[in-house]
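Student: Protein sequence lines correspond, in order, to chains A and B.
For reference, each letter of the first sequence is one residue, going 1 to 111 in this note's numbering.
For reference, each letter of the second sequence is one residue, going 1 to 166 in this note's numbering.
Check each hint, because a few of them may be wrong.
List of simulated lysine to aspartate or glutamate pairs, DMTMM-like, C-alpha gap at most 25 Å [as the list claims (entries may be wrong)]:
id: 1; chain 1: B; residue 1: LYS165; chain 2: A; residue 2: GLU83
id: 2; chain 1: B; residue 1: LYS111; chain 2: B; residue 2: ASP5
id: 3; chain 1: B; residue 1: LYS119; chain 2: A; residue 2: ASP68
id: 4; chain 1: B; residue 1: LYS124; chain 2: A; residue 2: ASP62
id: 5; chain 1: B; residue 1: LYS136; chain 2: B; residue 2: GLU125
id: 6; chain 1: B; residue 1: LYS119; chain 2: A; residue 2: ASP62
id: 7; chain 1: B; residue 1: LYS165; chain 2: A; residue 2: ASP62
id: 8; chain 1: B; residue 1: LYS119; chain 2: B; residue 2: ASP5
id: 9; chain 1: B; residue 1: LYS26; chain 2: A; residue 2: ASP68
id: 10; chain 1: B; residue 1: LYS136; chain 2: B; residue 2: GLU147
id: 11; chain 1: B; residue 1: LYS124; chain 2: B; residue 2: ASP5
id: 12; chain 1: B; residue 1: LYS136; chain 2: A; residue 2: ASP68
id: 13; chain 1: B; residue 1: LYS136; chain 2: A; residue 2: ASP62
id: 14; chain 1: B; residue 1: LYS166; chain 2: A; residue 2: ASP62
id: 15; chain 1: B; residue 1: LYS92; chain 2: A; residue 2: ASP102
id: 16; chain 1: B; residue 1: LYS124; chain 2: A; residue 2: ASP68
Covered by chain A, per the in silico footprint, the following chain B stretches (three or more residues, Cβ under 8 Å) [what the hints assert, rightly or not]:
id: 17; stretch: 13–27
id: 18; stretch: 88–100
Hint data in this document are derived by calculation from the structure and do not stem from the laboratory.
Since this is a predicted model, take the numbers as computed values, not measurements.
Each residue gets a CB set at the ideal place from its N, CA and C atoms; glycine is no exception.
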Amino acid sequence: MSIQYYIILCLTLFSIGVVGVLTRRNAIIVFMCIELMLNAVNLLLVAFSKMYHGLALQNAADTTAGIDAQIFVFFIMVVAAAEVSVGLAIIVMMYRNTHSVDINFLNRLKN
Amino acid sequence: MSTVDILFYLLSAFAIVSATMVLISKNPIHSVLWLIMVFFAISGHYILLNAQFLAIVNIIVYAGAIMVLFLFVIMLMNIKKDAEPQKQLLVKLTGVIAGGSLLTLLIAVVKQTSQIQNKQVLLKEGTIGLIHPLGKALFSDYVIPFEISSVLFLSAMVGAVIIGKK
């Protein structure tokens, strides 16, 4: 499978996430679209790691080249879990203050 | 066309359709369920790439923990189906056009880049995605980031509790 198919798939998923952030007003849906973008990037990292590993296998049979990308994906998942817990706590606090999850209520930082 | 190719196309179509449904759904709970479908499709891709550890972790952490947290918060708030105020049509159209332009631009760049022409991804082979090599790398080269991430989790936990108690 060519790497370009993977890149195009991940770009499509990422763009869907971008469109979601731009068009929806529910803060939780916006947050979910950010998770979608993170996952698209994760998939692309794993695809690139396998591409690099395939290239390195031609020179040495027992190489572990490309394993760094998969460790990186693991750390992205770790950070995403921490981010979601804090972000949802902020959304719950915002809901308690305004009784809405509409992100247009958040523009008071502007003034 | 081999079985792997067919699986790739099926999983890709499934992922893209589910991701679109996340945006289209009016009910937030349906959005969460469609996003879980996206995560399962991406886990299928990981298995296709022989990254078995990440496939399992993706299901456990994302589909199992994070999305349940989302579902829990949505049900706790009891958001009505049509309570969400819609953005104006012009704003929506602008967002779709902006995202579509980004996609078109990036795909054009990818099509023209010469370094990645004819590069193949190793499917269903290679051992770097298995638990044994990953564990070795994680606890030898990456042991300091691994330990620091525990501090990150502790601070996230403290932060979530403090924000929630206010």
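Student: Of the hints stated earlier, which fail here?
Tutor: 7, 9 and 14
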